[in-house]
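K.L.:
As a plain string of letters, each chain reads:
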Amino acid sequence: MGLRSYVITRIILTIPTLLLLLTAVFVMMRVLPGDPVALHFEKKATPETMEQMRHLLGLDKPLWAQYADYIGGIVDIGYLLQHGYPNLGKSMQTTTEDVGGQIFSAFPATLELAIYSMIIASVIGILLGVAASKAYNSVWDHLIRGFGIVTYAIPVFFLGIILQLVFGVYLGWFRTGLRISPTVQPPAHITGLYTIDSLLEGNLMKFVESFKSLLLPSLTLGIILSGVFIRLTRTNMLETFRLEFVTAAKARGLKESTVTFGYALRNAFLPILTMVGLQFALLLGGAILTETTFSWPGLGRYIVDRINFRDYTAIQGAVVMFGLFVTLVSLVVDILYAYLDPRIRL
Amino acid sequence: MSGKTEIAIVGLVLIVIILSSGTMYYATTAINNISTLSDQVTSLQSALESKFASLETTLVVGTTDSVELTLDPAQAYDYFGWNIMQQVGDTLVSVSPGSSTGADFVPDLATSWNSSSDLATWDFNLRTGVKMADGVEMNATHVKYSFDRAIALEPSIPEGAPAGLGYDQIINRTDVLGTYKIRFVLNFPFSPFLGIIACRASAIVDPKYAPMAQVNYTAGDARASTPLAFVGPYVLSKWDRVAGRDMEIKIDANPDYWNTPSGYPKTKHIIFKFYSDATALRLAISAGDVDMAFRQISANDILDLQTNPNVKVWYGSGSFIQYFCFQTKLGFPFNDVRARVAIIAALNRSAVTQTVFLGLAKPLYSIIPPGMLGHTEAFETLGDANYTLTKSLLNQLGYNEDHKFEFQLWYESSGHYPQSAEQALLYKQALEGSGVISVTLKNADWASYKLNRDNEIMDAYMYGWYPDYVDPDDYSFLYWGAWLHTNYSNATQVALYDQARATTNVTLRAELYAEIDDMAVQQCSVAPLYVSGAWAVTKPSVFGIYLDITQDMRYWLISK
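Chain order of the listed sequences is A and X.
Quick note, in this note's numbering, the first sequence goes up one by one and the last residue is 380.
Quick note, in this note's numbering, the second sequence goes up one by one and the last residue is 1533.
Please note: incorrect hints may appear among the correct ones.
These stretches of chain X come out as covered by chain A in the derived footprint (C-beta under 8 Å, 3 or more residues) [as the list claims (entries may be wrong)]:
{"#": "1", "segment": "1213 to 1222"}
{"#": "2", "segment": "1238 to 1247"}
{"#": "3", "segment": "1255 to 1263"}
{"#": "4", "segment": "1410 to 1423"}
To be clear, the hints were calculated from the coordinates, so they are not data collected in a lab.
Glycine included, every Cβ here is placed at the ideal spot set by N, Cα and C.
All chains should be modelled from the sequences, with the hints used to inform the complete structure.
P.N.:
Shown next as structure tokens:
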């Protein structure tokens, strides 16, 4: 099968996966106990008002009609083009805010954090993993493995607070929270990623200010995630080093770095790539603890907030979007995998 | 391919270097010093200069609060929404800053007022020269419009403040007596009326910004992103929400504010930044990221910050209270009043205020907080950890050390009330210290907690109250509040309450509330636990903070 056919087949296969996901989320939200309309009111609510609210949220319709509205909203291309996000209904807490709008307003913050964290995690994890494999069974190997275990085991909020105290409170180098200095106007919204938008705006000060806010949460998450990559890289590199083609490459007198990075790492990279993709997809769903620790206004905090408010449409929308992210990232990883390893297309 | 891989690795290493803290820090510092980057540096320097100039007149406030839904006085009913409305809106009268009773009313948009002897008619003489945002001078028709609108919108917004406070039940009509004179005709004599008039739901609105049949300035509404100006010290110039939660609010001095000639507001620009929790807020004020942290920093952190020379901690009285509620309906253990009294007698309030709140809250023995008219120490007659009384009452019900009185104590677990789990644990310890009680602690997040309350399935539960207006009238009724679902009612207490509402005789009012308290001690359907203190943390250069019983933060009085 050619790469194009493989990609098309994978894309087609995502459709029933997504439909299954959407249906499962819809059913789960309906079978949960509790009346979201009753929760909307603190004190005075007449049955008429409750009925009005039920009508406003479309909860007075039969289940099949609600399902049709729900699926119809998500695939409403006109709405998507007009608003820039899919129609996921109105928030049950405010009744005036679009869930799609809420999610997409939080998404750039999460995306920015996810990108920088993954860069840090990948670089630290892969380089240290390679180094550990090269120094197999030496003191360095043990130290790096120890570092990997500690970083994987350490709670995010604990590491986050330590970094905040050291670099934010005592040294004052970086901000302890938020996306940019409180007194600096955020850059004009182009991508929603402050570091990119400030550069596109040509404003170095805003770039520095946004970077000073971004670094500590990214570093926290990156260090935590690097543990997985260290262990995965080390294990795969050790296995690859034992293969004959590596021995052959060395025998041909190739440079050590060429053998390590050009031959061994490339072959060991496939499982790492899968892990990078899956972790990245998870991060797109929001790094709840990191976002809370650093007051980062992303999807993680959004989901926690909505759960506390029992905002069923918002939770439903967030789960759908999260499912979409995972599906799309998995698709991209599969395609990359197929590109890197043609045997997969066979 | 190996070459590409190496390039990729080198690229990644470079990115890490760029990301590294030291590089960025020194790069930031260096940018200011390198003269050869003339254009970039010039623009950067001018931006920094203007930033520093504006910083002198800008106060950055950090908080964990968020506007719940709207900034429209006809709907908003949350602390922070009201707090922002107080900065951009104004009321006819207000409570004097620093008030210890909440009853020291001072002129605001009204310069004077009087009531009929039966307290059912109230006249207000309005201040002249007060400009609305569009330049129109405020007059009595604006006041009438504001209250007519609030009442008209009540049926469609049952969760709004005017509906919650019962404006439609209290106010019969408003009459314009002249350009600058307005009359309120009430449905019944109502002595706390000035308290109602001073609360945020009574802010005077500009018809241009607040249409009669529509709530304005609601999250998600496109108009919410446009500047909001009523007649207050500030104009709302920015309200950014991300994912249904506030991200930034900015208010700027209202150039048409009537009290500008007196030098208010003292700080021209205020920026509110929103932190996820108390720890994040505490770190932000410690690092100097914000000038002021207000709501909510934990008691632990406050005591710690006291010794930090880079910040100043401000203390004040509070009016937030928490109280015990009992499910009194048939079939529940607290259907018998003796069981309720036995439990309240066994409580140890001081242990909670000292251990959980580290002395920043005070034990409360009346549903009315100290300082306010009608406050008593009525529940003190039952004592704290008074196990003799507890055992005696429970023995009458057939319970003893071998056959303990068992019940479930519920608390809210999602942070709606401060440190509920710690409180509940100490109450359990105190109760079980009697030797005749066995407590099972149960918890639920706020949404489920409310549902449980409405479904009346909790034996005993802790609840809290922020006053809408600072008057015993807004506390005393908690003993039988229907929405608490305790299934307790007492016609005598209600009659006393109505009598207190209808008299201006302060002594008589105090006696009536004291009588209600005394009856509450006998019945113990609801029992007070503690009253919170209030605190804020600022940089040492910030002045003018009043933390009084109103719980209002008057930002226009703050200077930096």
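K.L.:
When the hints from earlier in the document are held up against this structure, which numbers fail?
P.N.:
none
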